[in-house]
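Novice: Residue numbers (our numbering), protein chains in the order written: chain A, 42 to 156; chain B, 2 to 115.
What the hints contain is simulated information worked out from the structure, not anything from laboratory work. For each residue, glycine too, the CB sits at the ideal point set by N, CA and C. A hint or two may mislead.
Unchecked claim - Within a straight-line C-alpha distance of at most 35 angstroms, the following computed DSBU-like cross-link-like pairs (lysine-lysine) qualify:
no.: 1; chain 1: A; residue 1: 57; chain 2: B; residue 2: 25
no.: 2; chain 1: A; residue 1: 44; chain 2: B; residue 2: 69
no.: 3; chain 1: B; residue 1: 79; chain 2: A; residue 2: 114
no.: 4; chain 1: A; residue 1: 143; chain 2: A; residue 2: 111
Claimed, not checked - Only some residues are given here: those of chain B computed to face chain A with a beta carbon under 7 angstroms:
no.: 5; residue: 46
no.: 6; residue: 100
no.: 7; residue: 103
no.: 8; residue: 106
no.: 9; residue: 108
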Amino acid sequence: AQKITQTQPGMFVQEKEAVTLDCTYDTSDPSYGLFWYKQPSSGEMIFLIYQGSYDQQNATEGRYSLNFQKARKSANLVISASQLGDSAMYFCAMRDYTGGFKTIFGAGTRLFVKA
Amino acid sequence: DAGVIQSPRHEVTEMGQEVTLRCKPISGHDYLFWYRQTMMRGLELLIYFNNNVPIDDSGMPEDRFSAKMPNASFSTLKIQPSEPRDSAVYFCASTQGLITDTQYFGPGTRLTVL
């Protein structure tokens, strides 16, 4: 069955440092997509980065990168050079063929960036 | 290109009243989703449509909730009658036709039922 697990309810990071937000997933499908979203205090859901199950390289988008370890079924988000504006809730999500077009979301990790 | 559009952004109503939330997906997107977000339950998928046809409504909490998509550019989520426990942020999202396509969210409607 599809499952997304984010084990860190909250995390603190010092400004300008890197931080890793954990995400593990479970699926029996060989083809799936993994997504990360950011939800700031204003409430909107902002797409950050995508990783496909067949992608050979880890996805990167500016300061965001996805540490994809397929055998371990993990898709951790790495934010480099944290900024105060990175303080937000972060959601990991997955979509596969078994689930149709349902995208399942993790419980989220709240990131606090300290000045 | 405009993103997903939702209206109203905020809605305050009294228990027992009918509430209608509206969504315009991104043009060309084949799939439309309605989610509800609360502190207690997180982000829940209520229903989704493919080419205007409801595919899975297993997340709709009860008969008081209904959703329609009369055409490719418009969907509604209706609650009748509304109850205080329906207070939440309701998101609409849309995506194109591949598993790997990104799902884009609207700004959400914050519903408060007094």
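Novice: With the threshold set at 35 angstroms, check whether the alpha-carbon distance from residue 79 of chain B to residue 114 of chain A stays at or below it.
Specialist: violated (38 angstroms)
Novice: Using 7 angstroms as the Cβ threshold, decide whether residue 100 of chain B counts as touching chain A.
Specialist: holds (5 angstroms)
Novice: If you draw a straight line from the CA of residue 57 of chain A to the CA of residue 25 of chain B, is it 35 angstroms or shorter?
Specialist: violated (39 angstroms)
Novice: Against chain A, with CB atoms and a cut of 7 angstroms, does the hint on residue 46 of chain B hold up?
Specialist: With Cβ-Cβ at 6 angstroms, under 7 angstroms, it holds.
Novice: Does residue 108 of chain B pass the interface check with chain A, least Cβ-Cβ distance below 7 angstroms?
Specialist: holds (5 angstroms)
Novice: Could you grab the alpha-carbon distance between residue 143 of chain A and residue 111 of chain A and see if it respects the 35 angstroms cut-off?
Specialist: Holds, because 21 angstroms separates the two Cα atoms, which is no more than 35 angstroms.
Novice: Does residue 69 of chain B lie within 35 angstroms of residue 44 of chain A when you go C-alpha to C-alpha?
Specialist: holds (28 angstroms)
Novice: With 7 angstroms as the cut and Cβ atoms as the points, is residue 106 of chain B at the interface with chain A?
Specialist: It holds, given that the least Cβ distance between residue 106 of chain B and chain A is near 4 angstroms, below 7 angstroms.
Novice: The hint names residue 103 of chain B as touching chain A; please verify it with the least Cβ-Cβ distance against 7 angstroms.
Specialist: Holds. Min distance 5 angstroms.
The earlier numbered hints that this structure contradicts are 1 and 3.
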